[in-house]
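**Student:** Spelled out, the chains give:
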Amino acid sequence: MTVAACLSLAACGGGASSDDATREEADGYLAVADDSATGAGDVSIQLDYDSVEAGGLDPQTATTARSWSLMSLTYDTLVEIGPDFEFDPGLATKWETPNPTTYVFTLRDGVKFSNGRPMTADDVVDSLERLISGQGVWAIQLDSVKSVKATGDNEVTVSLKRPQTAFLATLANTPAAILPMKEIKAGSIDPAKEMVGTGPFVVENHRQDVSWSFARNEHYWDADNLKIDSLDVEIVGQESTRLAAIRDGSADFAFFNNVDSLDLLTGTNNARAVNQQNTDFYTLFVNSQQKGSALANPDVRFALNTALDRQELADVALAGHALPTGVSPTTLPDACKVEDLPSETASADDTEKVLEDAGVDDLNLMIYSSEPALGQLAQVIQQQLEAVGVTVTIDKVDDGTYDSRAFAKQPADFDLALYWFAGYGDASMVSKWWNPEVVPAHAGFMGADPKLNSLIEKAGSTAAGKERAATITDLCARVDQNSEIVPLVTRPSVLGYRTDTLSPTLYSNEGYGNVLRNIVDWRVPAGE
Amino acid sequence: MQTTRWLVMRSLNAVLTMLGVSALVFLAVRQMPGSYADIVLGPLSSPAEKAEFASEYGLDSSIIEQYVRWLFEAVQGNLGTSLVSQLPVSEEFGLRLPVTISLAVMALVLTIAIGLPLGVYSATRGGSGGGAVGRLVSGIGISLPEFVLGSLVVFLFSRYSLGLTIGDFTPISDGVGASVRSLILPAGVLAVFCIAATARTTRDAVLGVLVEPHIGAAVARGESKAFILRHHVLRNAAIPVLTLTATITAYLLGGAIVIEAVFDIPGLGSYLVAALDRRDYAVIQAGVLVATVVFVATSLLVDLLSGLIDPRVSATKGGRS
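As they're listed, the protein sequences go chains W and G.
346 is the number that the UniProt record's numbering gives to position 346 of the first sequence; each next residue is one higher, with no gaps.
49 is the number that the UniProt record's numbering gives to position 49 of the second sequence; each next residue is one higher, with no gaps.
Please note: incorrect hints may appear among the correct ones.
Unchecked claim - Chain G is faced by these chain W residues, among others (derived, beta-carbon under 7 Å):
hint	residue
1	240
2	247
3	250
4	400
5	407
6	441
Said to hold, decoys possible - Quick list of the computed label-pair ranges, beta carbon to beta carbon:
hint	chain 1	residue 1	chain 2	residue 2	range
7	G	145	W	42	34 to 42 Å
8	W	333	G	143	43 to 51 Å
9	G	78	W	396	35 to 43 Å
10	G	86	W	345	35 to 43 Å
To be verified - Among chain G residues calculated to face chain W with C-beta under 8 Å, some are:
hint	residue
11	39
12	46
13	49
14	93
15	148
16	152
17	155
18	165
19	166
20	262
21	264
22	274
These aren't lab readings, by the way, just hints derived from the structure by calculation.
Glycine included, each C-beta is placed from N, C-alpha and C at the ideal position.
So that you can see chain W by itself, here it is in the shape it has in the complex (with noise of 0.2 Å):
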């Protein structure tokens, strides 16, 4: 236990950064923009991985948060998420339902794409309309969807099939955007290669990989509001190098993917760490469908999600810094209680027996090598196995390994496996990725189980509320009791910024990845 105590620089006791680094300067802030700077300049931001999507630069086709953070620096969405996921006006300045299907959205007046065209109804009934139809994952968020139509020239009435209670989160993240759908149709834009939309900022330059170029958009609905001149976001994919940027001052804003980072940066002169919650979260993920495997029994898989705690491994292996959670993260409204898990108060005296009767001493746990707290989290589960007498054998591959035994074989070739999942602005939406019909990839390590996806339609469509929290729960137990994709602790990101040179807003919690939300709302002092 004391080598597992050490994994984490931090859990070595080196972090005296915990209180400042979760200290909310406002109710859902941990960050709030000193509105009396009024230097108006260049930002520098450093990211660790850039936008690569089989569909270029096209945002309804967009998969990762780093795309979700670069092109909503382009895109508006007809909502925006607030600090306590209630949701903002974005291009829409309000919206009714008259009734639990049908949802009018007033459009803001006076919205143009940067190219100077004014944004019309059309536009976004067009970009509703292309988004639900395509093939892009949000796709699958919007199946709910009956129609979409213009009832007025500023004015989007969107009807749907059955309730779904988060239609507003779907259409808040940067997949749903407006787009200038009168050029994209007449062919003169192509979105795969060309940024266009309504958002603060306009494309210079991108090399991929390397960096991007933005400059203020000069028909941006909300210009008067926005202070920075021109952005500059480097990809850096060491963490030490982005590190050493905050430090030198090279850099005004990082992402680090890292919680060393947040001890790492203590006591750097100007410059702040902090340490926002997500909605995502790790998962591990145990084979079914093998052949003969001894996993294919849901006693065994439920006695080994019973010998994990997810409490150490947040405070081991994220050095305390994210939460145990079950399939709702554990930060969203009416998420269920990790303590109400069935592996949680059931009792471990049997755990052991049931693993010995069924031969399981020996497991194979497979990670991959981009995400460095999935080895942090791996010889934590490894140690928590050996405690019930199975020997867990580590095997680091790169992605593409990982993405072709868990994803393209059917069965999938692994034991155990550890991954993560975005968990996005609503307790109900992640867990469509629990139905191997929706994601046919789960299908080589997980059994379809009518029970829980028809838990996860109610929980999709029942109002938010305590009836839904009650489904919610129900759903959670399910997940946990067939145990083939074990929720356990959110992913904490770590931001960091200097403190002389820009006044950032941050939410305390991000249901979408999105670093660089409220961008509009930065600061940047006098004189800089």
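Got chain W; can you put chain G on it based on the hints?
**Tutor:** Coordinates of chain G only, in the frame set by chain W:
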């Protein structure tokens, strides 16, 4: 005539080497688990989408068909299109190769400027404290992994920059001084092994020549120490050092992969690593081809230079060929 025949045979060898390497790499990268479609489309896509995607990029035809198509295009100067950026690979290389060349040239300059004198000094002052220091420096340099030294340098200079920058590459077009400042640390780390190897090889070569009878004769003739070193020792000791320089050139290209990743320099090395991760086949294939060309061309050049320095070398090689 003999030299011409030798040159023709060496050139044929070079072409065959490049063909063999390109075929092997073509086969090897396609045997790696996971395809570009798997990686970029992700697990939420359907098998039909992946198949359609593979078809769009011609990845569903046989390996032989793909290789012949690639080779046909490559000999015409078309290295293909990057699956990730959708730009021609030659264009991508054009942006990144100068960065790697700048890094490698600076490391080579440091290697020659420090490694050669250190080796000569170590050999001629063998018994002194200076010689011991030379041996110690070369020993440490050879045994210290680049990523360890690189990470240490990144950490130290990020806290105490001393006017040098980490991870902020400046092209030479933006000013020689700024470019040197941005490259001196990675080039220095990259050069450490090469300096050590050069110093050690130079020392051994010089020591080997110093015990030759003609050196004793030169001493007996009363020639000065500097004259003997310049005219009798260095010329004869140059061949192993020159051969090493060819190896170093190839090493610098390989080492640049690690150094560019550690220091986040947007060169060819870091680009190839990213391409491998994403199975961006055209980029990997072209990168290996470029590396092979550089290695083969350097070897050829060294052989030619060796022949100029010592005519016995080309005569022997010509005879064998």
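**Student:** Decide, hint by hint, whether the structure agrees.
**Tutor:** Status of each hint after checking the structure:
Taking 7 Å as the C-beta contact cut-off toward chain G, the hint placing residue 240/W at the interface holds, the least distance being around 5 Å. Contact between residue 247/W and chain G, as hinted, is supported at the beta carbon level, the nearest pair being about 5 Å apart and thus within 7 Å. Interface restraint check for residue 250/W: the shortest CB-CB distance to chain G comes to about 5 Å, inside 7 Å, so the restraint holds. A hinted interface residue such as residue 400/W counts as satisfied when its beta carbon comes closer than 7 Å to some beta carbon of chain G; here the least separation is about 3 Å, so the hint holds.
Contact between residue 407/W and chain G, as hinted, is supported at the beta carbon level, the nearest pair being about 4 Å apart and thus within 7 Å. Annotation: interface hint on residue 441/W holds; nearest CB of chain G at approximately 4 Å, less than 7 Å. A hinted range of 34 to 42 Å holds for the C-beta pair residue 145/G and residue 42/W, which are about 38 Å apart. Restraint check, residue 333/W to residue 143/G: a C-beta distance of roughly 57 Å breaks the suggested window 43 to 51 Å.
Judged by the Cβ atoms, the range 35 to 43 Å given for residue 78/G and residue 396/W holds: they are separated by roughly 37 Å. As the Cβ distance of residue 86/G to residue 345/W is approximately 53 Å, the hint placing it in 35 to 43 Å is violated. For residue 39/G, the interface hint holds, the least distance from its beta-carbon to any beta-carbon of chain W being 5 Å, beneath 8 Å. For residue 46/G, the shortest C-beta to C-beta distance to chain W is roughly 5 Å, which falls under 8 Å, so the interface hint holds.
Because the smallest distance between the Cβ of residue 49/G and any Cβ of chain W comes to about 6 Å, under 8 Å, the interface hint for this residue holds. For residue 93/G, the interface hint is violated, since its Cβ never comes within 8 Å of a Cβ in chain W; the closest pair sits about 13 Å apart. At about 12 Å, the closest approach between the beta carbon of residue 148/G and any beta carbon in chain W exceeds 8 Å, and the interface hint on this residue is violated. Proximity of residue 152/G to chain W is violated relative to the hint, the smallest CB-CB distance being about 10 Å (cut-off 8 Å).
The restraint placing residue 155/G at the interface with chain W holds, with a minimum CB-CB distance near 6 Å, inside the 8 Å limit. Using the Cβ-Cβ criterion of 8 Å, the hint placing residue 165/G at the interface with chain W is satisfied: the shortest such distance is roughly 7 Å. Against a cut-off of 8 Å between C-beta atoms, the interface hint on residue 166/G holds, since the closest Cβ of chain W lies about 4 Å away. Interface hint at residue 262/G: satisfied, since its Cβ lies 6 Å from the closest Cβ of chain W, which is below the 8 Å cut-off.
Hint on residue 264/G holds. Least Cβ distance to chain W is approximately 4 Å, under the 8 Å limit. Using the Cβ-Cβ criterion of 8 Å, the hint placing residue 274/G at the interface with chain W is satisfied: the shortest such distance is roughly 6 Å.
Taken one by one, the earlier hints fail for this structure at numbers 8, 10, 14, 15, 16, listed in ascending order.
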